[in-house]
Amino acid sequence: AQSVTQLDSHVSVSEGTPVLLRCNYSSSYSPSLFWYVQHPNKGLQLLLKYTSAATLVKGINGFEAEFKKSETSFHLTKPSAHMSDAAEYFCVVSQYGNKLVFGAGTILRVKS
Amino acid sequence: EAQVTQNPRYLITVTGKKLTVTCSQNMNHEYMSWYRQDPGLGLRQIYYSMNVEVTDKGDVPEGYKVSRKEKRNFPLILESPSPNQTSLYFCASSTLRDGEAFFGQGTRLTVV
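Chains L and Z supply the protein sequences, listed in that same order.
My numbering puts the first sequence at residues 1 to 112.
My numbering puts the second sequence at residues 1 to 112.
Isolated chain Z, as found in the complex:
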């Protein structure tokens, strides 16, 4: 089954404790991206990657890092989480041909 898998689904952490949210897709898509969803703001892009070792900032990249060492994986790293990063995070993948994106189930992160 074609899918994007994120882990964990839920995470509560403390300010400053580094964490990683994993994302994996099995569709051989070139393009992967991370979004955060906040009430009334829709989804906003954090980082994206057009292929292995090619990453770039989205609209709200501050406080986040990503890597793309393999085509299928695109982890999101928060080196020093802060409470304003409490949000619902989605990973997505798509081909470079069109913008139709497949989304993971989401990771609800709470930073206290």
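Bound conformation, chain L alone:
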């Protein structure tokens, strides 16, 4: 069965410093992997997706993620945090058809 573990429930960074949100997945086959962001009282927005093409995936707003099969990881990074990045981030795996399995989420706090 597929599963996703987000290793930190909360991450706090200062504005202008790097962001790292960690995600490990479990999957029997080659998965599709996604990162979604949810701002307070908003819906979910796709940040980026991996679907077995390039292992380094670039997304919107300067975010990127690297698919590492040997480590079963798909960590999300951004070189320099902005106040507007404060939100909850979900790592998601899709394997069988279109079913999405979500991690528990990581709340990112950005301090000024």
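No false leads were slipped in.
On the chain L side, residues computed to face chain Z include the following (Cβ under 8 Å):
no. : residue
1   : F34
2   : K49
3   : T51
4   : N98
5   : K99
6   : L100
7   : A104
Here are the simulated DSBU-like cross-link-like pairs (lysine-lysine), alpha carbons at most 35 Å apart as the crow flies:
no. : chain 1 : residue 1 : chain 2 : residue 2
8   : L       : K49       : Z       : K57
9   : L       : K58       : Z       : K71
10  : L       : K42       : Z       : K17
11  : Z       : K71       : Z       : K18
12  : L       : K111      : L       : K49
13  : Z       : K57       : L       : K69
14  : Z       : K17       : Z       : K71
15  : Z       : K18       : Z       : K65
16  : L       : K99       : Z       : K18
Below, a sample of chain Z positions facing chain L; criterion: calculated Cβ distance under 10 Å:
no. : residue
17  : Y31
18  : S33
19  : G42
20  : L43
21  : Q45
22  : G58
23  : D59
24  : A92
25  : D98
26  : G106
Please keep in mind that the hints were generated in silico from the structure rather than gathered at the bench.
All residues carry an ideal CB built from backbone N, CA and C; glycine is no exception.
Model the placement of chain Z on the given structure of chain L, informed by the hints.
Here is chain Z on its own, set in the frame of chain L:
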């Protein structure tokens, strides 16, 4: 504009009073699904549909019903809501080609 529309956005109801949350998409997507979001648990799939008249249970289907009479609409029905169904609900749609899902804005349901 491509979108998934849910209504209502907010709903407070009493135990046992039947309710329906509507969901409509304008992207001609085959796959539609419902998720509930609870703190610390991420999003969990309730029901999904791969096309008109084809629906199936997700991970947490108890207490819910769905129907798919038209491709664009996928209502969620709570025949007899209970307080443990208080949650934030999201409808999503995608093509069958990949798992990238488009989400509605969410419906915050409170059952008292």
